[in-house]
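**Q** Numbering (this note's numbering), first residue to last: 1 to 311.
There may be inaccurate statements among the hints.
Below, computed lysine-lysine pairings styled on DSSO-like, alpha-carbon distance capped at 30 angstroms [unchecked claim]:
{"no.": "1", "residue 1": "Lys-175", "residue 2": "Lys-79"}
{"no.": "2", "residue 1": "Lys-41", "residue 2": "Lys-79"}
{"no.": "3", "residue 1": "Lys-175", "residue 2": "Lys-165"}
{"no.": "4", "residue 1": "Lys-260", "residue 2": "Lys-41"}
{"no.": "5", "residue 1": "Lys-54", "residue 2": "Lys-194"}
{"no.": "6", "residue 1": "Lys-101", "residue 2": "Lys-175"}
Computed Cβ-Cβ distance ranges for the label pairs, DEER-style [claimed, not checked]:
{"no.": "7", "residue 1": "Arg-164", "residue 2": "Ser-190", "range": "48 to 56 angstroms"}
{"no.": "8", "residue 1": "Thr-154", "residue 2": "Lys-101", "range": "47 to 55 angstroms"}
{"no.": "9", "residue 1": "Lys-205", "residue 2": "Gly-123", "range": "42 to 50 angstroms"}
{"no.": "10", "residue 1": "Val-148", "residue 2": "Lys-194", "range": "44 to 52 angstroms"}
{"no.": "11", "residue 1": "Gly-123", "residue 2": "Tyr-39", "range": "49 to 57 angstroms"}
{"no.": "12", "residue 1": "His-222", "residue 2": "Gln-77", "range": "46 to 54 angstroms"}
{"no.": "13", "residue 1": "Glu-67", "residue 2": "Gly-123", "range": "26 to 34 angstroms"}
{"no.": "14", "residue 1": "Gly-22", "residue 2": "Ala-81", "range": "16 to 24 angstroms"}
{"no.": "15", "residue 1": "Gln-70", "residue 2": "Glu-30", "range": "18 to 26 angstroms"}
{"no.": "16", "residue 1": "Lys-194", "residue 2": "Asp-228", "range": "34 to 42 angstroms"}
{"no.": "17", "residue 1": "Ser-9", "residue 2": "Arg-60", "range": "33 to 41 angstroms"}
{"no.": "18", "residue 1": "Pro-221", "residue 2": "Ala-81", "range": "44 to 52 angstroms"}
{"no.": "19", "residue 1": "Glu-35", "residue 2": "Leu-170", "range": "19 to 27 angstroms"}
Rather than coming from a laboratory, the hints here were simulated on the basis of the structure.
A virtual CB, placed ideally from N, CA and C, is assigned to each residue, including glycine.
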Amino acid sequence: MDYLPLPDSAARHFIDASTVFGEHARTQQESRRFEGGMYWKRQGSYEYLVRTGKDNRQHRLGERSVETEQVYAEFTQRKHALQERLRSLRSALTEAERMNKAVKVGRVPVTVIAVLQALDGAGLAAHFTVVGTHALYAYEAAAGVRIVQGALATQDVDLLWGARKRVRFLTDLQKTQTSMLGVLRRADRSFQRKEGQSETAINDKGFEVDFLRRMAEGDDPHPYRFSDDEGDLWPVQALRANRLTQAAPFEHIVVGANGKMAHMKTIAPADFVAFKLWLATQAPQREPAKRRRDQRQADIVQSLLDEGLLV
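Working from the sequences, and respecting the hints, build out all of it.
**A** Here it is, written out as structure tokens:
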């Protein structure tokens, strides 16, 4: 067998930990609507309500009245409630992560978890899809199994960039006030652009993050650098990547070897199988060893589908 069931104790804990992680993420997202604050400001005989953002920009909401007093009260009460809920959830999440490690729930490479968390924290996760070998971690988590290590071993993760939404991406990246490489360095400070491969970031342990994109079409700019920073990364065109951008999405919580958790966005298992079979049998100039691994990975995921462990 190329996979085994997750031990019952680990499976039960993963369900509980996923619930805590999901609620923490949901509450954190809601709390972003309440960043900044509100206060009353007097100007002569006129008093009005001011809303401040996290960037300290101010916006007048209107003169003091029954309506604005209600707005102020609801805002402050909800902000306080969310802060208290987040404080409690952070404590629960820390304990869940500790137990994840203790009962050996996860084994996703720590760097992959950190990169996914950095993308999510920067508001960029929606623009990237994990493709390739690391998608297997999402499938095994969803299926409640452990895939044999030999089918998973790799020192790089492929992130497919959604070129069709590049305008939105640029807006979101600008909000981070850094480059794409800068976002990766929030996960690991040692990341730098790999010499001779401008689509790849590599850290001091030799782990690589490769950025892919569909073949240029229509008004797609190419070559394309993520930001104006001269040292930033350039996603590389990949054969049949357009098929991957059109694939049905698949998301699941994954757990790292250190117990930390992250959302992994990838492609539906059936689309993964189809792509891997193409790599194994039709991709030009594919190395024989990689073709064999592609075939094995396709067979594993197809077996999970056939058993009804994945849909």
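**Q** Each hint should be assessed against the structure and marked as holding or not.
**A** Hints, one by one, checked against the model:
1. Distance check on the hinted pair: Lys-175 and Lys-79 sit about 23 angstroms apart at the alpha-carbon level, within 30 angstroms; holds.
2. Among the hinted pairs, Lys-41 with Lys-79 is consistent with the structure: their alpha-carbon atoms are about 20 angstroms apart, no more than 30 angstroms.
3. Restraint check for Lys-175 and Lys-165: satisfied, since their Cα atoms lie roughly 16 angstroms apart, inside the 30 angstroms limit.
4. Proposed proximity of Lys-260 and Lys-41 is contradicted: the alpha carbons are some 44 angstroms apart, above 30 angstroms.
5. Distance hint between Lys-54 and Lys-194 is unfulfilled; the C-alpha atoms sit about 35 angstroms from each other, more than 30 angstroms.
6. Between Lys-101 and Lys-175 the CA atoms are separated by roughly 34 angstroms; this puts the pair beyond 30 angstroms, and the hint is violated.
7. In this structure, Arg-164 and Ser-190 break the distance hint of 48 to 56 angstroms, their C-beta atoms being roughly 32 angstroms apart.
8. A C-beta distance of roughly 22 angstroms is found between Thr-154 and Lys-101, which places it outside the suggested range of 47 to 55 angstroms.
9. For Lys-205 paired with Gly-123, a C-beta distance near 27 angstroms fails the hint of 42 to 50 angstroms.
10. Restraint check, Val-148 to Lys-194: a C-beta distance of roughly 29 angstroms breaks the suggested window 44 to 52 angstroms.
11. At about 27 angstroms, the beta-carbon gap between Gly-123 and Tyr-39 misses the expected band of 49 to 57 angstroms.
12. One distance hint, 46 to 54 angstroms for the beta-carbon pair His-222 and Gln-77, holds here, with the actual separation near 51 angstroms.
13. Between Glu-67 and Gly-123 the Cβ separation comes to about 32 angstroms, which falls inside the hinted range of 26 to 34 angstroms.
14. For Gly-22 and Ala-81, the Cβ-Cβ distance of about 19 angstroms falls inside the hinted range of 16 to 24 angstroms, so the restraint holds.
15. In this structure, Gln-70 and Glu-30 meet the distance hint of 18 to 26 angstroms, their C-beta atoms being roughly 20 angstroms apart.
16. Judged by the Cβ atoms, the range 34 to 42 angstroms given for Lys-194 and Asp-228 is violated: they are separated by roughly 20 angstroms.
17. For Ser-9 and Arg-60, the Cβ-Cβ distance of about 56 angstroms falls outside the hinted range of 33 to 41 angstroms, so the restraint is violated.
18. Between Pro-221 and Ala-81 the C-beta distance comes to about 45 angstroms, which sits within the given range of 44 to 52 angstroms.
19. At roughly 22 angstroms, the beta-carbon separation of Glu-35 and Leu-170 lies within the given 19 to 27 angstroms, and the hint holds.
Hint compliance for this structure: hints 4, 5, 6, 7, 8, 9, 10, 11, 16, 17 are broken, all remaining hints hold.
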